Each structure stands twice: as structure tokens, then as C-alpha cells.
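Chains as they are written, first to last, in numbering that gives the first Met the number 0: chain X, 0 to 372; chain R, 0 to 372.
What the hints contain is simulated information worked out from the structure, not anything from laboratory work.
Only a predicted model underlies this, so the values are computations on that prediction, with no experimental measurement involved.
Keep in mind that a hint or two might mislead.
Repeated chains share a single entry, so a pair holds when one copy, or any two copies, can fit it.
Unchecked claim - As a list, the in silico DSBU-like pairs of lysine-lysine whose alpha-carbon atoms are at most 35 Å apart:
(1) K345 to K301
(2) K64 to K301
(3) K138 to K315
(4) K341 to K47
(5) K198 to K256
Residue-level listing of the chains:
2 protein chains.
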Amino acid sequence: MRRTFLFMRFAFVFAFGFASAAFAQTPPAPEVHADNRVTFRFRAPNAKEVALALEGAAKDLAMQKDEQGVWSVTTEPLAPDFYGYAFVADGVHLIDPSTPLMKPNLLNTTSQVHVPGPASLTWEVSDVPHGEVHHHFYKSAVVGDQRDFYVYTPPGYDRRGKQSYPVLYLLHGFSDDASGWTAVGRAYVILDNLTAQGKTKPMIVVMPLGYGAPEILRGGFGAFRNTELRDRNFAKFSEALLGEVLPRVESAYLVNKDRNSRAIAGLSMGGSESLLTGLNNVDKFAWIGAFSSGGLPEEFDKDFPGLNAKANDEVKLLWIACGVDDRLIEFNRKVRAWLEAKGVHKVDIETPGAHTWMVWRRNLSAFTPLLFR
Amino acid sequence: MRRTFLFMRFAFVFAFGFASAAFAQTPPAPEVHADNRVTFRFRAPNAKEVALALEGAAKDLAMQKDEQGVWSVTTEPLAPDFYGYAFVADGVHLIDPSTPLMKPNLLNTTSQVHVPGPASLTWEVSDVPHGEVHHHFYKSAVVGDQRDFYVYTPPGYDRRGKQSYPVLYLLHGFSDDASGWTAVGRAYVILDNLTAQGKTKPMIVVMPLGYGAPEILRGGFGAFRNTELRDRNFAKFSEALLGEVLPRVESAYLVNKDRNSRAIAGLSMGGSESLLTGLNNVDKFAWIGAFSSGGLPEEFDKDFPGLNAKANDEVKLLWIACGVDDRLIEFNRKVRAWLEAKGVHKVDIETPGAHTWMVWRRNLSAFTPLLFR
Numbered sequence: 000m001r002r003t004f005l006f007m008r009f010a011f012v013f014a015f016g017f018a019s020a021a022f023a024q025t026p027p028a029p030e031v032h033a034d035n036r037v038t039f040r041f042r043a044p045n046a047k048e049v050a051l052a053l054e055g056a057a058k059d060l061a062m063q064k065d066e067q068g069v070w071s072v073t074t075e076p077l078a079p080d081f082y083g084y085a086f087v088a089d090g091v092h093l094i095d096p097s098t099p100l101m102k103p104n105l106l107n108t109t110s111q112v113h114v115p116g117p118a119s120l121t122w123e124v125s126d127v128p129h130g131e132v133h134h135h136f137y138k139s140a141v142v143g144d145q146r147d148f149y150v151y152t153p154p155g156y157d158r159r160g161k162q163s164y165p166v167l168y169l170l171h172g173f174s175d176d177a178s179g180w181t182a183v184g185r186a187y188v189i190l191d192n193l194t195a196q197g198k199t200k201p202m203i204v205v206m207p208l209g210y211g212a213p214e215i216l217r218g219g220f221g222a223f224r225n226t227e228l229r230d231r232n233f234a235k236f237s238e239a240l241l242g243e244v245l246p247r248v249e250s251a252y253l254v255n256k257d258r259n260s261r262a263i264a265g266l267s268m269g270g271s272e273s274l275l276t277g278l279n280n281v282d283k284f285a286w287i288g289a290f291s292s293g294g295l296p297e298e299f300d301k302d303f304p305g306l307n308a309k310a311n312d313e314v315k316l317l318w319i320a321c322g323v324d325d326r327l328i329e330f331n332r333k334v335r336a337w338l339e340a341k342g343v344h345k346v347d348i349e350t351p352g353a354h355t356w357m358v359w360r361r362n363l364s365a366f367t368p369l370l371f372r
Numbered sequence: 000m001r002r003t004f005l006f007m008r009f010a011f012v013f014a015f016g017f018a019s020a021a022f023a024q025t026p027p028a029p030e031v032h033a034d035n036r037v038t039f040r041f042r043a044p045n046a047k048e049v050a051l052a053l054e055g056a057a058k059d060l061a062m063q064k065d066e067q068g069v070w071s072v073t074t075e076p077l078a079p080d081f082y083g084y085a086f087v088a089d090g091v092h093l094i095d096p097s098t099p100l101m102k103p104n105l106l107n108t109t110s111q112v113h114v115p116g117p118a119s120l121t122w123e124v125s126d127v128p129h130g131e132v133h134h135h136f137y138k139s140a141v142v143g144d145q146r147d148f149y150v151y152t153p154p155g156y157d158r159r160g161k162q163s164y165p166v167l168y169l170l171h172g173f174s175d176d177a178s179g180w181t182a183v184g185r186a187y188v189i190l191d192n193l194t195a196q197g198k199t200k201p202m203i204v205v206m207p208l209g210y211g212a213p214e215i216l217r218g219g220f221g222a223f224r225n226t227e228l229r230d231r232n233f234a235k236f237s238e239a240l241l242g243e244v245l246p247r248v249e250s251a252y253l254v255n256k257d258r259n260s261r262a263i264a265g266l267s268m269g270g271s272e273s274l275l276t277g278l279n280n281v282d283k284f285a286w287i288g289a290f291s292s293g294g295l296p297e298e299f300d301k302d303f304p305g306l307n308a309k310a311n312d313e314v315k316l317l318w319i320a321c322g323v324d325d326r327l328i329e330f331n332r333k334v335r336a337w338l339e340a341k342g343v344h345k346v347d348i349e350t351p352g353a354h355t356w357m358v359w360r361r362n363l364s365a366f367t368p369l370l371f372r
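Please work from the sequences and hints to get the whole structure.
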């Protein structure tokens, strides 16, 4: 039985690029069937109830226990993608110990399963030239901590060369860390593929840590109700981005330094950071994207003082997207209505989906081809 | 109660740089007391037995359940360091869901806890100039997969500059991935600190994926008994390192390309890879380190054909270290005795400790100051 488990487990490890793993007493990592149904297994011999929490699923899926104490459930066929998931055992969210494919998060790290799809899916690794991801570390004077940011350089980027590039500042959501857009968002894979296809212009992508007041994490998802803390988090984030990260990037990389060569976009909290930092600094950013943004109060006159139709002369793209099953869809409709009333041009995008990375990987894939045209 | 948990949890999140996290129903991340005892907590209301598996501990520590179903144990004071750990609940190894600080591994990802120490400890982040870590991706013709490697560049490294650097190729152990020496080994922190102190020469550190035959992972730790697979894993690793990684590094970075400017070192399987690749290619590497090496059969005449005292003219350092509580200590003594009989000069290091990253972080801190002198 043990031998069978090992064999089964490794039958799909290599297909997924180490998406699976073995461990004594650990049932095989999620098994993706030919029809894209996925079987999840978790050993918990004495648990009374175990369910699967799957990214994008409306509710947890009950699991059934076998005589060896292994709980399992097989989903309906899943669209090819990466799905975050956790096991909920007697009310406790647990990471799957059978896979090394993590979904890092500062408040609830979970696991990921890859349902492989065709090379036409932008997040699938394919045999095209690859860019690089650079991890930077610095002490922030604005926030007062040691922090990091990531920089993607496109295939063929040559630090000694003559070509310089436009820059997209790409922001994660609340509870993510700076690795979110690479480890989960697969931005480097998406950009490699779209660049190889000629769909996006070669660009540098900067992925900073998105907290101006990291203590906001203490309060969990309710912390945004604390007005002072929320405002400080947004303000100090902008200050660190513009005063610390941007100058470091523009000094270390071959980048174009005009506003038409700078974009800012992000998801959820990072979407609001993109709107705040972008629309309040149109002298610095001509391209702005907000994916499923939230965390702002609905006090737009206060957040965007003086914003009006004159911004249309400077902002080349204001792209506001949200999934229709996202609890933030109403907020996004209000933002758009307010901008509409101000006469500010924007692109309104409503997609299928909820507050998930499946939506954001598609947002990034749709947004980046529009940039720097 | 919930509020108390949240507060306690975040009282030490920021001291440790996000070493902790919150999640509904999840007890606080490991609590490090002023005297360096550590309390671990894990909620599993229906488990019959839960223990703590702690890196470096001779045996698992039993945990006790309280009336809320939370199991806990408090250790003796721990020396400041990073410790891998897992909860063993009714025989199943589980990752701690309350911390985002993972110990990535392809066969058994676990958690890490940071027991902070003084800045004199090389792995503690301090306010010194930081290098960068670059993540590269390529398709290997030798192995036939998409794979990655990491490159650390020292503080002040300037791709457009005139200064070029020596290179250390630093190899992980069996079941690690290419991120092992950064995510767990903290090589970039160690090198930042030792460089700032003037103890190591500024150097580039290359951390490749250590598998020439990744299917060796299928067999778990017993796979090394398969002679053909083991030999192929070692041989293809060397071929990919010398034929694919090294040329990419020497093309993309400002490096010195003479043998006196190349070192190779690694831990466990990577220690054996360093001995095999280094001693069989003394025209390419003048500095060789093996930390707790293993996985080789004791057929040294076959593995190192023709090696003799003439190597002393070329090898400037052959540094062979192992912890005295490591099950591989006898193997390392045999390697050293065989080299002794061949008249090959070497440095014999026996340290306290077992087969742990605590040993290897110290090995790296002791080894790198000796290089490129």
C-alpha cells in the first residue's frame, strides 16, 4: 500500500514540475485526473469532520474518511489553473503536507494545486525565453523596517546594454507579502509568455511590499475599519514607493523615467493603492490598473482631491476590473460611478469570478498588453 | 479569547519580521520567551496524540491538550537560530498553519521558528549593505526539464562596473530545491554580514538545482541504494552545472573565470556533488567544501579515478566538515582517511550537531572567509 502511494504520488510529480511530494504517512498530493477532476486526500484518523476549502468555490467540500483514516474528496472538473486550498479539520485550516507547492500569505498560508492546461494559458511555463526575478532588500526610513521588493526583467534584458524599458509597479493584496505576484500570481511566467507572443511590450515589473503600516496586519481583515491606521498604511505605502523603491529601481535598472513609461496596478488593497498613488500622481504615472480593489472608505472626494476631467489629458489608461461574484463588485461600481460623474475616462471591466488569483492572473494578462502603446 | 489570541500573536510578529501570522481558529505562532524557551501550540481537538518534531532534537516532544483542544509544549531554552519543526498529529507530520515562515522542501515542507539572537550571529539580518538574489529560469538540455538557479550578488555589485568577482557554487541537499540555501540557509544574510565585517571577500554565490536525475526523488531517501539512478543523478548534475549553469553565470555576471576564482561547496548530497565535481575538475575549481556529505557509495577509487597528491598543487582548500552527532560522521571519516592515504591535503572539521541547517549555516560562515585568499 505504501509502495502504491509512492508510485501514484510520483506519477504526476514531474508532469507538474515538483508540484507534489512524498512523506511518510502522507497521502499523495492532489491527484489531477484526465478529465480535470481533482482528488484531494488528507490523513487525519481521529478528526470528526474534514472539508476542503478551495479557492473560488462558493463553499467548502465535505470529505469522506476511509478505513486507513484518510479523508478524500473528488471535485467536479476544474478549469486549468492554479487553485489555493486548505483542509479544514474540525474547524482548523491546515496546509496540505503532501505538496511543496505553497500559497504564501502572512495571515493564512495554504497550498496550491496545478490543473495543467494548454500553452495558450498565460500562466503555463512554456519553452520561450525567460526573464529573471531579482530580490532586493533594504532598510526603509519611511516605515522603519527591513523590507524587500522583487523586480522582473524581461528576456534579453542586458544591464550593460543600451535599451531601456518602461516599468509596471505591481502591487499585492492585504495579507500577501512581496512574493505574492511571483509565487501565486505567476507574473514572471505571464510576462515571459506575452512578451514572446509579441502581445506585451518588454517591460520591467516591480513588486514591492505593500504595507506602509505593517501593524495593520495585527487586526486581520477587520483592520481597515480603523481609519487612522488604514490611512497611514496607504499614505506611508505611497511615500515608500515613490521615495524609496522607485529611485532604487531607476538607479539600478535601465528604465525610461518619463510618466508615459510608468504604470501602476494592483489587486484588492493594492488596487486601491494603485488608484490613490496613481491618480494623485498623474505627473508620475500615465497607466493605472485596479483589480478587485477595496479597503478604501467611500469618501472619494477626500481620497482624490481635485481630480477632474483634466486628468484625461495625462492618464492614458485607467483600467478598473472586478469579478461579478466578488463581494467588492459594488464598491468598484461606486468608484466607477464617481469617476464617471467627475468626467474622468476609464475602462470598466466586469469579469466572471470572485476575489481570487484566478481572476487576477487573467486581469494581468489582459492589462499588460494595453500598456506603453 | 479570540481577541487575546490576536493580540498575543502580533506582539511578536514584528519583532521577527513577519515570522508569525493570524488565522481564525489558529493558535498563535510559536511564542519565544525572554529566556529563549519556546512554546508551540497546535489546535487539534480530536487528535489522540500530538508531538513536536524539532530540527536538531534527538526525539519528538510530547504535547499536552487543553480544554479548547489546543496542544502545546514549551521547550528548554533554545540557542538563538532558525529551527525547522512540524507537528506530528496521530502519526501525520503537519505544517504549522499559524506562521508564514516555511522551510521549503520537495519531500517534506515544514515550518521554521526564529529564536532571535545578537547581531554577531551571521544569519541575523542587520543594518548593513545588502546584496541581491537573482532567480534564473532555463530549459535544461542535459536533464530535459525547465529548471531554475539563484545567484547572490554582493552589496555594491554593479553590472555596468569594472570590478569582477570570484564565484562560489553552493549546493543544497537531497529533497531541498534551489531555494534551500536562501529560504533556509540564509546564505544571502550570512554573506551580507561577513562581507560588511570584512571577513569574506565580496563574492558571487550561485545556487543551482541539485538534481541531475530528478526522478531520484520518487524513491525518497532510499533512492540512493539504486546504483544506476544515483550515479546518473550525480553525473547529470555535474554535466548541467558545468555545461549549462556555469556558462550562463559567466556570461551574465562580472566574474573572474580562472580556477583560483571558483569554489564549489554543498551540504549532504550537495557535499558529495562538490567532492565529485570539484576533485574531478581541479582545472576548474581550486576551493572545495563538503558539509555533512553523504549519498556516495564507499568506492572512492572509482569515484575519484587517478586522484593523488598531485592535486595538492591545484586545490587550495579541501574543507570537509561534519557534525559529530550526524549519522554520516563515519562516512566522512572514511572519506578523509581515503584522502589521507592518497596524500591529498584537506582540512578536517568535526563540529557539534547533527544533520541540520544549524550546522550548515555555521559551516558556510566558517568556510567562506577562507576562500579566494
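Subject >> Same-copy or cross-copy closeness of K345 to K301 [CA-CA at most 35 Å] >> reply: within (20 Å within a copy, 70 Å between copies)
Original post:
Checking K341 and K47: alpha-carbon separation at most 35 Å within a copy, between copies, both or neither?
Top reply: neither (56 Å within a copy, 63 Å between copies)
Original post:
Can you tell me if K198 and K256 fall within 35 Å by alpha carbon in one copy, between copies, both or neither?
Top reply: Intra 23 Å, inter 38 Å, cutoff 35 Å: intra-copy only.
Subject >> Up to 35 Å CA-CA - K301 versus K64, copy category >> reply: neither (54 Å within a copy, 51 Å between copies)
**OP:** Pop the pair K138 and K315 into one bin, within, between, both or neither, using alpha-carbon distances up to 35 Å.
**Re:** Cα proximity of K138 and K315: one copy only (34 Å, versus 38 Å across).
In summary, the structure is inconsistent with hints 2 and 4 from the numbered list given earlier, while agreeing with the others.
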